[in-house]
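Asker: Spelled out, the chains give:
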Amino acid sequence: MNQDDLKAYYINYFPSKSVYEWLTRKKVVLPNTLSEKTSSNNENDDESDSDSELEHLTMSNTNIAANNREIAFEYASGAYGRYLTFPTYKQFYDRITNVVPNRFEIGAIYENVPKKIENLFGSGNKSIGNKNVPLEKEFVFDIDMDDYDPYRTCCNGSQICDSCWSIFISCAIEILSKILYEYFDWNNFFFVYSGRRGLHLWIMDYEARILNDNERTKVMDFLNICKNRNCETRLNANNGNTCLSRPLNPFIEDSLNITAKYFNDLMEEQDPFKETKDVRKILSTQFPDITNQLNTYFMTNNEQSSQSKWMAVNDIYLKHMQGKLGRNYNDTKEKNKLLEQKEEVLLKYLYPKFDIEVSKKIGHLLKSPFCIHPGTGNVCVPIHISYQKKLDAQPTIKSVSKFSPSNCPNMKTLSKESDYSEYVDLFNEFLAHYLSLEEQRYDFEHSSKKTKVANKQNDLSW
Amino acid sequence: MIRQSVKRKHQSSSNNANSSVASDNNYAKTLIVNSTANDPNFPLIKQYTRETSADYSNLLTLYTMPPVQHSELTLQEFETFGLDRLKFLMELYHLQSNLNLKLKEILDMNHYSQLMNKYLKSCGNNLKDMILKDYYGHYILRLVFLKDEENMDLLCSMELLLLKLKFQSIKNKEDKLKFLKDNAKIMDINQDIDENNLMTTLSDINDEALLGKIHKFYNNNGLSTVVHEDTPILRLKFNKIIDILPSRSVLLYKGYVYLPEHMQFNYLSQMYSKNLKQELIRIVKYKMVNLSTNESDRLIPIINHLNNNGSVLNSYSSKEFENTDSLTHNQIYNPEVYNNFPLCMQNLLTNLKTHSHLKYTGRQQLSIFLKECGLNIEEALKFWQISFQKKYSMDDFNKNYKYNFRHNYGLEGSRINFKPWDCNQILNKDPPSNDMYHGCPFRDWNKNKLVDYLSKAKNVYTNDNLTKFDINTIVDLKNQKDYMMACTRYFEFTKDVLPHNEMITHPNLYYQRAKTIQSNKSGKE
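Quick mapping for you: the protein sequence lines, in order, are chains A and B.
Following UniProt numbering, the numbering of the first sequence begins with 1 at its first residue and continues without gaps.
Following UniProt numbering, the numbering of the second sequence begins with 1 at its first residue and continues without gaps.
To be clear, the hints were calculated from the coordinates, so they are not data collected in a lab.
Errors might be hidden in some of the hints.
With the Cβ distance kept under 7 angstroms, some of the chain A side facing chain B (calculated, not the full set) [to be verified]:
#1 E136
#2 F184
#3 P247
#4 N249
#5 P250
#6 D254
Ideal placement from N, C-alpha and C gives every residue a C-beta, glycine not left out.
Can you build the whole structure from these sequences, using the hints too?
Answerer: Next up, the structure:
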């Protein structure tokens, strides 16, 4: 990647102030000197005066989110620097524009300033008293498109196209949004295109941020119904026994309804059963005869569309059951079995496939929004943002509807196109809301404990 | 001061004016129960007043009330009750954690009822006696498992297992529900419960969407209706009951989990284990002040004795054996040393000799074991270089393997001082395929090979062959997949019995115990 281009990006386009405010959950008040330097892109409050630098410094000393938030740089050389911290915005901005990292990743906020523990015995020998506990970090999810390889026909590996994006990723976004509001009651989150083949989800709700490793792991075990990353052993592999117990947990049922909306598009656009030689890959039945019949059908009608192959599953199954059970073929139990298996096919294809390792550990690093993906030059842009404007109101959802990987802002073409600002605006709008929520929370916590101290801080307020 | 007055109160009730006279007739009760019971600084047990009487009619209990009314206990009983409880819990825990049996399997295979007969019914078939023994055992072990946090957690998980088994073994559904109802106060007194975490009923819920989900999810499982209009539903913030989430058997909605009656036990048992841990921590704090005084002195040796037995359960930790001894590369095949190695390591060494090479997993298993036995890095490099020299030149060795061994000693890369693998770790690795020799011979060798080997084995000290019975014992254990026990028996047949019914759970434990026996025997001669 061209260092000069990247440097120009960090200076001219990268919304460093917004990102820093997002990470530290506090508005940055810029002293005049710095604001002049960066005013080409960032709008700054004019009210900042000579006192504000001092104020900014004193504020930052008490802001644990700024002091103890881990940032990790991937340098141009390929070297990797962990446990960097930036107590002030100026330090953050200066370092990024001077060092010009390929990208940087975001870690947890720790109890103390995170430092790499280096001594003669290496990092393995941390003494017990030295534990630096991670206090909070956004709950993050990562979905990689290559995990969908067995289910998509358009691309594979790290490739991605508008078709697989609009089917698989859109479905994942819809399902996750639904689950997060409806079942966890979380409203502040956004989805980010990672720049190449993936999707990141950042959840900012306080309750989600303070989950510990164990809790994150348990939540992931709850959500991750496609257990194994080895695709063949995902759902529906249990020799005809469906894997999910019935009745379905309501969040799975809701997800299923969403997948049904996308399944037709999937059939039309991806023709997923085109090459299918063995129906057991699609669904397994408890009756080998049915599997054989289906296989024969698929082989002899190879030119047929996936739609009609999928329909044929019903016909053949029911005909077989009719033959087997005689006039009892209307047996609802048997029909349910088929239905359940077909439901699991839908989930197998379209339910989000998480890279759960990213989510399980509070200290896990994830690439920051608005970084450049080193491989593609794409900007890692937020595309779908949700937040609750008023308590008890339906969450507000904003998304860049026309987004697809092919029109993702790219470092090389940024100067020609102006679309980029749309993403920054989207992020800023969310940020303003987020910061006001944090302010409320901060005030509430402090006023309930120490009214006096809180009053003092209000006097100094920004 | 407080202690004095407490003591007097109870001495008068038991009419034993001078409790400092040591004899078997002296009562141990004071320490177990009363020294803490009336202490106002002891908030968790504050509710134990003599007016509240515990319900001794049921074995299923959360031990909210010490056996104050049945407080006569001899020192002898104190010891046997404690020891029996310890063995009871240890054996149950062994079934779960080492044999990986599920609760249902432990019950179905009658392990639970057998152990119950062995350790609880031993004092008579009278239900009340059993219940008392159960109570005493529980409270005695509270004094034993206080060594460190790990120790406390162990007791909590063992007691939790027992509670679950007790609950599962009850067949009558009504009794189960009664137990939950009676103990609902545990949920109420817990500080985790706030106004949002409440017992509610369907008729109190207004959210239509939620009602629909509750009905559909809990009442639609083909069984009879589980959740009625007025059955209690426990509403909890999801992170309060996080462990139940992965089963997806509960309804989560808007950040809250809705627990119908039949699932509340899970929550209750978690609370029980949490509370038990807190009480243990309080006992430690209290003990520092009070346990050193006169009459308690008689109990301390017993508690320490129990504690030593309990520490058997703790997996081998190198702390236990301050490793001062050293080993040189040319001693390893020396029978004096070699005979002290467990079978898995002998297996690796034999194959290392024949093939002049070991694959990665085998190298790891052996080299870190030898490191722990006292082979330093210089000696280790010598040993491995010589072992490999038929196939690899010095240059090849340095290029391909030196780093690996230095890494194991924490001298390269992440510089972690690697701990030797214990039996569980060894058993959790993939079993060896062709040309691989790591793992556990009791699992990985087929029956013929094992029998063949065992029939040639001799007791190192008596030079006797193993008897047919010995061999069958080991093979039976192999068939039951109880490999650590098989190894333990092998140790005993080829050397000597282990103290305190100790079990081999770590190759280095095997080595250390073998060395101890060796030095004892040579000392006697």
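Asker: Going through the earlier hints one by one, which of them does the structure break, listed in rising order?
Answerer: Result: hints 1, 6 break, sorted rising.
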